[in-house]
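Sequence order for the protein chains is A and B. Read in order, the letters of the first sequence are residues 1 to 271 in full-length UniProt numbering. Read in order, the letters of the second sequence are residues 1 to 268 in full-length UniProt numbering.
These are computed hints drawn from the structure, not numbers from a lab. None of these values were measured; they are calculated from a predicted model. Just so it is clear, CB atoms sit at the ideal spot from N, CA and C, and this is done for glycine as well. Take these hints with a grain of salt, some might be off.
Here are a few chain A residues that face chain B, going by a calculated C-beta distance under 10 angstroms [claimed, not checked]:
(1) Gly175
(2) Val185
(3) Pro188
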Amino acid sequence: MRWVNRHVSRGDRLLLGAVPILLLVLLYLFLAAQRHAANQFDKILPLPDGMTKAMSGLLFQPDQLTGQLLFWADTLASLERLGIGLGIATLAALLVGLVLGILPPVRATFGPLVTGIAVIPPIALLPILFIALGLGETAKVALIVIGIAPVMVRDIAAHVAALPREQIIKAQTLGASSWQIMIRVALPQAMPRLLHAVRLSLGPAWVFLISAEAIASDIGLGYRIFLVRRYLSMDVIIPYVAWIALLAVVMDLSLTFLSQRLFPWAHGVSH
Amino acid sequence: MSALLSLRDVWIEYGEKIVLERVTIDIEEGSFVSIIGPSGAGKSSLLRLILGQEAATRGSILLDGMPLTPECGPDRGVVFQRYSVFPHLSALRNTVFGLECAQSPLLARLFGRARSAAVEEATEMLDAVGLGDSLHLYPAQLSGGMQQRLAIAQALIKRPRILLLDEPFGALDPGIRSDMHRLITRLWRDYSLTIIMVTHDIHEAFNLGTRVLALDKRRHDPHAPHRFGATAVYDLALRKRASDAAGEEAIAAPENGDRHHEEKIGHG
Chain A
1 MRWVNRHVSR GDRLLLGAVP ILLLVLLYLF LAAQRHAANQ FDKILPLPDG
51 MTKAMSGLLF QPDQLTGQLL FWADTLASLE RLGIGLGIAT LAALLVGLVL
101 GILPPVRATF GPLVTGIAVI PPIALLPILF IALGLGETAK VALIVIGIAP
151 VMVRDIAAHV AALPREQIIK AQTLGASSWQ IMIRVALPQA MPRLLHAVRL
201 SLGPAWVFLI SAEAIASDIG LGYRIFLVRR YLSMDVIIPY VAWIALLAVV
251 MDLSLTFLSQ RLFPWAHGVS H
Chain B
1 MSALLSLRDV WIEYGEKIVL ERVTIDIEEG SFVSIIGPSG AGKSSLLRLI
51 LGQEAATRGS ILLDGMPLTP ECGPDRGVVF QRYSVFPHLS ALRNTVFGLE
101 CAQSPLLARL FGRARSAAVE EATEMLDAVG LGDSLHLYPA QLSGGMQQRL
151 AIAQALIKRP RILLLDEPFG ALDPGIRSDM HRLITRLWRD YSLTIIMVTH
201 DIHEAFNLGT RVLALDKRRH DPHAPHRFGA TAVYDLALRK RASDAAGEEA
251 IAAPENGDRH HEEKIGHG
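Using the sequences plus the hints, can you model the full thing?
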């Protein structure tokens, strides 16, 4: 049987998907054990018990200076920045993308501006943001928004503009105005695409969050990673990175689930 | 004889290229006009012109004696070959959409009693096209023929003065196509429609139409083929009134009492 025709059942998929991850974990443990055999104080590849010890301090013991449980305070601070940034970017993408996509005069007026903003590397704007907005939360959220919103706006605008012309004509023959076409024809069809755009923007959003936190912050997952780097604390960095990966995966999966639940028509229902 | 729609010396030009030239047609109320012609003869351009999707370069178009604005409106319904239904709405909501747009300018949604009245009207319309059992399915869950039935129901609920069909059955297989022919003939008679249909299928054009218009170029310049446009080269009035069509259908299918039986819905 050709490999292109081999379909994998759900159970087998889980099993097969777990194999490379487990292999990587095993490889890491093997290398770490090897290094520890040579030097029991090795810091570069910490063993699981070392990570547990280091993390339990951050997880369960209040910080002497602030009295906070640092791991949870970091997570909360980062998720708050990420959430506000993603929320603003998503809302902007929906509103601006929809209007740009469906109304040709608006597209002609603001299309070049959006394209211009989108091609600026956001990190290059970070100094401007810090100067203009200070080193507080606003600048970090603004970096995330500026980093991901233009791409999302362009994606939604292109998607709406690519709706079949027949549909727009048909809506007009049914008596729909520009406004009615926007809210009843374009908006609902842009929604699944919007969730998809958010999913794809999660990666860049994390990049901008960690960058902003690394440069100027006093709390957050990115801040902690860059802080403990000075002490070569791989036993904190590796669990933090794994935790970030887990958070990102959960967000991605829940967006997929949400899209399938809310918009079944966009996910290949067929007769 | 008062014409419902009249085109007077209409030209369509795209820059240098002339698509239609000197088209003068009168279309009577209640007629079923088939438009045929080779590819590139401007059949679809003519349809878009009547639909209001594009404007004539020269000439005038009158609907009920009033000049036609070059914008689509609810007085002219349309069914395209594809993409004429909204994929994100169920069959019922696709059909209710036209009523919602007229009655609720701001939200384009109806609530309470107005909504149930609209739903009832839409259900009736879907029953008439044979989709009574598929009210809550999305278009992707319907076969090609059923999607076209839905597109027809969606257009008819606005009671358009003219129904425009742009190769509506071109993508369907032959068995389903003949079901659709019976359906459109019945709807044309029951709702006293005026239909203009563009088609590639010459049998379809003669079977359904009360009048067949053939578009083609009268003149041809081999050095500049784009400088002459097409016009109506044949205009055949078929002696087929609505009553005749009904008679024919009665002969074709004796149990005319229950029309829904003879039109199977294709689940292709």
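Evaluated hints:
At its closest, the beta carbon of Gly175 of chain A sits 4 angstroms from a beta carbon of chain B; the interface hint therefore holds under the 10 angstroms criterion. Look at Val185 of chain A: its Cβ gets to within about 6 angstroms of chain B, closer than 10 angstroms, so that hint holds up. Against a cut-off of 10 angstroms between C-beta atoms, the interface hint on Pro188 of chain A holds, since the closest Cβ of chain B lies about 5 angstroms away.
Checked against the numbered hints above, the structure breaks none of them.
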